[in-house]
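As they're listed, the protein sequences go chains A and B.
Letter by letter, the first sequence follows residues 94 to 425 in the numbering used here.
Letter by letter, the second sequence follows residues 5 to 170 in the numbering used here.
Just so you know, these hints were derived from the structure itself, not from any lab.
Just so you know, even glycine gets a beta-carbon here, dropped at the ideal spot from N, CA and C.
Hints may contain errors.
[Said to hold, decoys possible] Chain A stretches covered by chain B per the calculated footprint, using a threshold of three residues with CB under 8 Å from any CB of chain B:
hint	segment
1	117 to 126
2	151 to 161
3	166 to 179
4	191 to 202
5	292 to 301
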Amino acid sequence: MKHALSILIPRARSIISQKRLAFSMIEALLAGSLLALVVFTLSGILIFGQESSRIAGDSQRATALAEEGLEAVRSMSEASFSSLTAGPHGLAVSGGKWQFLGTQDYPEIFTRSLIISDLDANTKVVTSTVSWSASSQRNGSISLVGRFTNWRRVGSSMDSWASTTNPGFDFNSAGWTFVNNWVHKGNGVRSGARKSLGGNSGGYINMSVAAKKNKDEAVYWYQPFTTTVDSPASSTLNLDWKSITFGTTATTYRIYVFIDASSTNPILGTQVWDSGEITGTTAWASAPTIDIAGKIPTAGTYYVKIGAYIMNPNKNATFVTGLDNVTVKWPN
Amino acid sequence: MRKSAFTLIELTLYITLAAVVLFGSSTMMSLIFEARTKDMVVNEVEQQGDAVLQIITQSVRNATAVNSPTPETSADTLTLDTLVGTNNPTIFNLAGGAIFMKEGAADAVALTNSRVAVTALDFQNLAPVGTNDDLRVSFAIAYNSSSTRQVYQYSRNFYGSGALRQ
Numbered sequence: 094m095k096h097a098l099s100i101l102i103p104r105a106r107s108i109i110s111q112k113r114l115a116f117s118m119i120e121a122l123l124a125g126s127l128l129a130l131v132v133f134t135l136s137g138i139l140i141f142g143q144e145s146s147r148i149a150g151d152s153q154r155a156t157a158l159a160e161e162g163l164e165a166v167r168s169m170s171e172a173s174f175s176s177l178t179a180g181p182h183g184l185a186v187s188g189g190k191w192q193f194l195g196t197q198d199y200p201e202i203f204t205r206s207l208i209i210s211d212l213d214a215n216t217k218v219v220t221s222t223v224s225w226s227a228s229s230q231r232n233g234s235i236s237l238v239g240r241f242t243n244w245r246r247v248g249s250s251m252d253s254w255a256s257t258t259n260p261g262f263d264f265n266s267a268g269w270t271f272v273n274n275w276v277h278k279g280n281g282v283r284s285g286a287r288k289s290l291g292g293n294s295g296g297y298i299n300m301s302v303a304a305k306k307n308k309d310e311a312v313y314w315y316q317p318f319t320t321t322v323d324s325p326a327s328s329t330l331n332l333d334w335k336s337i338t339f340g341t342t343a344t345t346y347r348i349y350v351f352i353d354a355s356s357t358n359p360i361l362g363t364q365v366w367d368s369g370e371i372t373g374t375t376a377w378a379s380a381p382t383i384d385i386a387g388k389i390p391t392a393g394t395y396y397v398k399i400g401a402y403i404m405n406p407n408k409n410a411t412f413v414t415g416l417d418n419v420t421v422k423w424p425n
Numbered sequence: 005m006r007k008s009a010f011t012l013i014e015l016t017l018y019i020t021l022a023a024v025v026l027f028g029s030s031t032m033m034s035l036i037f038e039a040r041t042k043d044m045v046v047n048e049v050e051q052q053g054d055a056v057l058q059i060i061t062q063s064v065r066n067a068t069a070v071n072s073p074t075p076e077t078s079a080d081t082l083t084l085d086t087l088v089g090t091n092n093p094t095i096f097n098l099a100g101g102a103i104f105m106k107e108g109a110a111d112a113v114a115l116t117n118s119r120v121a122v123t124a125l126d127f128q129n130l131a132p133v134g135t136n137d138d139l140r141v142s143f144a145i146a147y148n149s150s151s152t153r154q155v156y157q158y159s160r161n162f163y164g165s166g167a168l169r170q
């Protein structure tokens, strides 16, 4: 037994000793690998961290540009709320002021787009989006959303409107002038008069035309009015009309409404509304509210003209049209 | 005998491994230090630019009036009135490569430090006459270093706008 142990122990020691040497090499390799791993990881963190700082900086500047987009819209909305038309817009500086130009603008590496949509007549939603190429692998994008309200036009207590006078003709036709020779090709009698009864309701004014066969005739009423603001956000015209007497079939027989800057005869094609072809007598009808903001772009004097136009009646006949509750409203 | 031979191989391997590890480590350390320096340079420029932009645009939004530049004009100095009488006028301008803010009779305070150099400070009042002032500020910031090494070269342009709230 003792002999056996005396042989085995030195052998085991020798084996262990040799294994320890082998372990040392593996340990060295492991240690080196671990060190390399740590160094690579740290350097990766720092190098990509630097990239992150650059991307974060670009992101901050993109945010500032997106904010700038909203501030520009704010400035433009104060000057003219109606300039905020729905759709995509780019920004430009012209004449020392912000203005929309194109659908995008390109400050340095960034692309900015302002998208305006209508929430209601006096509220716009503006989305200011700035995008850029953050790195070769990815794109950056920042969107800010703002709502802009036309406070000067919202709420009855804050409204300040002006309107044409004597809309209902309940006592007279003061303020309104009749013109009987807008178009006069025959020798028929044309007249305009205020009637005390039969309007919608109370009094009304009429346009009576005794037209000759195949001879065009047109007459109109007008009233001047003076606005005090540029680019009004909203201005409207309302009227009631009635075909009281329908003489005969004509190529065209319509009621036309014009908003003109001059008091001269109106020009067909520039009307803001027409009744459509009148083919018989009618009851009183209200025209839909007509937006005339685009017709009064700057403060000044304008004329609302409401006429009846008969083209080529197929025989001698009389046409009578009634007008009531004629109102033009504009911000003051 | 066998132990001695093995120790020599071991020694050779160790030295080789150590050389590789040391070379790799030193290269990595060099890269790390360079990355750290660049990181510092980038952050210095980006953060100072953003901070100044925030201070100026926020001051404009809180102001009660812009005295200069007037609507539809531009200037290299911004003069504001604020709700706090003793801070009037509040002036922003560029001097010696730094942006300064001066409130009332107090001394001007530098908003940027000497590690960066600011140029091309410009204020544009882009509001139409008769509406609330809308100030656009723009400037360029570069890292301030006498070294020509690429790691110290970094500059950016900054733009921002603020409109009066009243």
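Comparing the hints with the structure gives:
Coverage of the segment 117 to 126 of chain A by chain B holds. Counting CB-CB distances below 8 Å, 5 residues qualify, and the rule asks for three or more. Look at the segment 151 to 161 of chain A against chain B: 6 of its residues bring a Cβ nearer than 8 Å to a Cβ of that chain, three or more, so the hint holds. Only residues whose beta carbon comes within less than 8 Å of a beta carbon in chain B count, and the segment 166 to 179 of chain A has 4; three or more means the coverage holds. Counting residues of the segment 191 to 202 of chain A whose CB lies closer than 8 Å to any CB of chain B gives 3, which reaches the minimum of 3, so the coverage claim holds.
Here's how the segment 292 to 301 of chain A fares: 0 of its residues keep a CB closer than 8 Å to some CB of chain B, so the rule of at least three is not met and the hint is violated.
The structure is inconsistent with hint 5 alone, although it conforms to all the rest.
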